[in-house]
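In order, the protein sequence lines correspond to chains A and B.
The numbering used here puts the first residue of the first sequence at 1, with every later residue one more than the last.
The numbering used here puts the first residue of the second sequence at 1, with every later residue one more than the last.
These are calculated hints, taken from the structure and not from any lab test.
Each residue gets a CB set at the ideal place from its N, CA and C atoms; glycine is no exception.
Among these hints, one or two may not hold up.
[As the list claims (entries may be wrong)] Listed next, the in silico DSS-like pairs over lysine-lysine satisfying Cα-Cα at most 25 Å (straight line):
#1 A/Lys-69 with A/Lys-3
#2 A/Lys-52 with A/Lys-69
#3 B/Lys-14 with A/Lys-3
#4 B/Lys-20 with B/Lys-55
#5 A/Lys-3 with A/Lys-98
#6 B/Lys-66 with B/Lys-55
#7 B/Lys-55 with A/Lys-52
#8 B/Lys-55 with B/Lys-14
#9 B/Lys-64 with B/Lys-14
#10 A/Lys-3 with B/Lys-41
#11 B/Lys-14 with B/Lys-66
#12 B/Lys-66 with A/Lys-69
#13 A/Lys-52 with A/Lys-3
#14 B/Lys-14 with A/Lys-98
#15 A/Lys-98 with A/Lys-52
#16 B/Lys-20 with B/Lys-66
#17 B/Lys-14 with B/Lys-41
#18 A/Lys-98 with B/Lys-41
[Stated by the list, open to error] Distance windows between CB atoms, simulated:
#19 B/Phe-39 with A/Thr-26: 26 to 36 Å
#20 B/Cys-13 with A/Thr-65: 29 to 39 Å
#21 A/Val-92 with B/Met-45: 17 to 27 Å
#22 A/Val-92 with B/Ser-100: 28 to 38 Å
#23 B/Pro-99 with A/Ser-28: 49 to 59 Å
#24 B/Cys-13 with A/His-40: 22 to 32 Å
#25 A/Pro-21 with B/Ser-5: 28 to 38 Å
Here's the letter readout for the chains.
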Amino acid sequence: DAKTTQPTSMDCAEGRAANLPCNHSTISGNEYVYWYRQIHSQGPQYIIHGLKNNETNEMASLIITEDRKSSTLILPHATLRDTAVYYCIVRVNFGNEKLTFGTGTRLTIIP
Amino acid sequence: GAVVSQHPSRVICKSGTSVKIECRSLDFQATTMFWYRQFPKQSLMLMATSNEGSKATYEQGVEKDKFLINHASLTLSTLTVTSAHPEDSSFYICSARDPSGESYEQYFGPGTRLTVT
Numbered sequence: 001d002a003k004t005t006q007p008t009s010m011d012c013a014e015g016r017a018a019n020l021p022c023n024h025s026t027i028s029g030n031e032y033v034y035w036y037r038q039i040h041s042q043g044p045q046y047i048i049h050g051l052k053n054n055e056t057n058e059m060a061s062l063i064i065t066e067d068r069k070s071s072t073l074i075l076p077h078a079t080l081r082d083t084a085v086y087y088c089i090v091r092v093n094f095g096n097e098k099l100t101f102g103t104g105t106r107l108t109i110i111p
Numbered sequence: 001g002a003v004v005s006q007h008p009s010r011v012i013c014k015s016g017t018s019v020k021i022e023c024r025s026l027d028f029q030a031t032t033m034f035w036y037r038q039f040p041k042q043s044l045m046l047m048a049t050s051n052e053g054s055k056a057t058y059e060q061g062v063e064k065d066k067f068l069i070n071h072a073s074l075t076l077s078t079l080t081v082t083s084a085h086p087e088d089s090s091f092y093i094c095s096a097r098d099p100s101g102e103s104y105e106q107y108f109g110p111g112t113r114l115t116v117t
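Build the full structure now, drawing on both the sequences and the hints.
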């Protein structure tokens, strides 16, 4: 799987939009961008994924650049419960392809 | 989304003993489950891929005789840490994909914190 680069940590004020960047400059044409988050001492939680189009669900929006070399996860109205480590992962979508976790971004929501 | 459970959530054992951790898919059948290990302040590291009815596939550097994986049914995989030592103390997490779904996201269990004294 291609590697990703994320900032180590970020802060965001409660109620504001949290924008988490991810670089994946070596992504292949058949690799998707996945985002997971892990709240302290819990298992990771799936957030969203996309191939090349922007995606939105009830949790977040995913913006992928046209060249697909980077993406941004947007939490539109951050709450204290969004404090977690956010992982950006690229992988192909077939069978049971494994996930390879990097170091992620530790997002802290400030009251 | 689909639900994956783990049991126990916490376990303390003495050095030299064995510990079994269960991973269950509660509302779907999972032909493949994954086992991860996470040390404090570190990321998740994949240990092995558990395949129903066949042998698990271990990642490089993971001792298959120490971390025994059994996937005897479509809803249950077990990880047994044999002859546990303090350095095996870690957070163990399993995941599974619902093959009947259209997407390929994995669903993770809540994790099991193992402490070896």
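A quick look at each hint next to the structure:
Pair hint A/Lys-69 plus A/Lys-3 holds up; C-alpha atoms about 11 Å apart against a cutoff of 25 Å. For the hint pairing A/Lys-52 with A/Lys-69, the CA-to-CA distance comes to about 10 Å; that is within 25 Å, so the pair holds. A hinted pair counts as satisfied when its Cα atoms are at most 25 Å apart, and B/Lys-14 with A/Lys-3 does not qualify at roughly 38 Å. Distance hint between B/Lys-20 and B/Lys-55 is fulfilled; the C-alpha atoms sit about 17 Å from each other, no more than 25 Å.
Restraint check for A/Lys-3 and A/Lys-98: the C-alpha separation of about 14 Å stays at or below 25 Å, so the hint holds. In summary, the hint linking B/Lys-66 to B/Lys-55 is supported, as the alpha carbons are separated by about 14 Å, within the 25 Å threshold. Between B/Lys-55 and A/Lys-52 the alpha-carbon distance is near 36 Å, which puts this suggested pair outside the 25 Å criterion. Of the pairs offered as hints, the one joining B/Lys-55 and B/Lys-14 is violated, with about 28 Å between alpha carbons and a cut-off of 25 Å exceeded.
Among the hinted pairs, B/Lys-64 with B/Lys-14 is consistent with the structure: their alpha-carbon atoms are about 21 Å apart, no more than 25 Å. For a cut-off of 25 Å, the pair hint linking A/Lys-3 to B/Lys-41 stands: about 20 Å separates their Cα positions. Pair hint B/Lys-14 plus B/Lys-66 holds up; C-alpha atoms about 16 Å apart against a cutoff of 25 Å. Only pairs whose Cα atoms come within 25 Å are accepted, and B/Lys-66 paired with A/Lys-69 is rejected, the gap being roughly 40 Å.
Among the hinted pairs, A/Lys-52 with A/Lys-3 is consistent with the structure: their alpha-carbon atoms are about 17 Å apart, no more than 25 Å. Of the supplied pair hints, the one linking B/Lys-14 and A/Lys-98 is violated, its CA atoms being roughly 32 Å apart against a limit of 25 Å. For the suggested pair A/Lys-98 and A/Lys-52, the alpha carbons sit about 21 Å apart, so the restraint of at most 25 Å is met. Proximity of B/Lys-20 to B/Lys-66 is assessed by CA-CA distance (about 12 Å); at most 25 Å being required, the pair is judged to hold.
In summary, the hint linking B/Lys-14 to B/Lys-41 is supported, as the alpha carbons are separated by about 24 Å, within the 25 Å threshold. A hinted pair counts as satisfied when its Cα atoms are at most 25 Å apart, and A/Lys-98 with B/Lys-41 qualifies at roughly 22 Å. Checking the proposed 26 to 36 Å range against B/Phe-39 and A/Thr-26 shows it holds: the Cβ atoms sit about 27 Å from each other. Between B/Cys-13 and A/Thr-65 the C-beta distance comes to about 49 Å, which lies outside the given range of 29 to 39 Å.
The supplied range of 17 to 27 Å is met by A/Val-92 and B/Met-45, whose beta-carbon atoms lie about 20 Å from each other. Judged by the Cβ atoms, the range 28 to 38 Å given for A/Val-92 and B/Ser-100 is violated: they are separated by roughly 20 Å. The beta-carbon spacing between B/Pro-99 and A/Ser-28, approximately 23 Å, falls outside the hinted interval of 49 to 59 Å. Our hint of 22 to 32 Å for B/Cys-13 and A/His-40 holds, since their Cβ atoms are close to 23 Å apart.
The hinted range of 28 to 38 Å is satisfied by A/Pro-21 and B/Ser-5, whose Cβ atoms lie roughly 34 Å apart.
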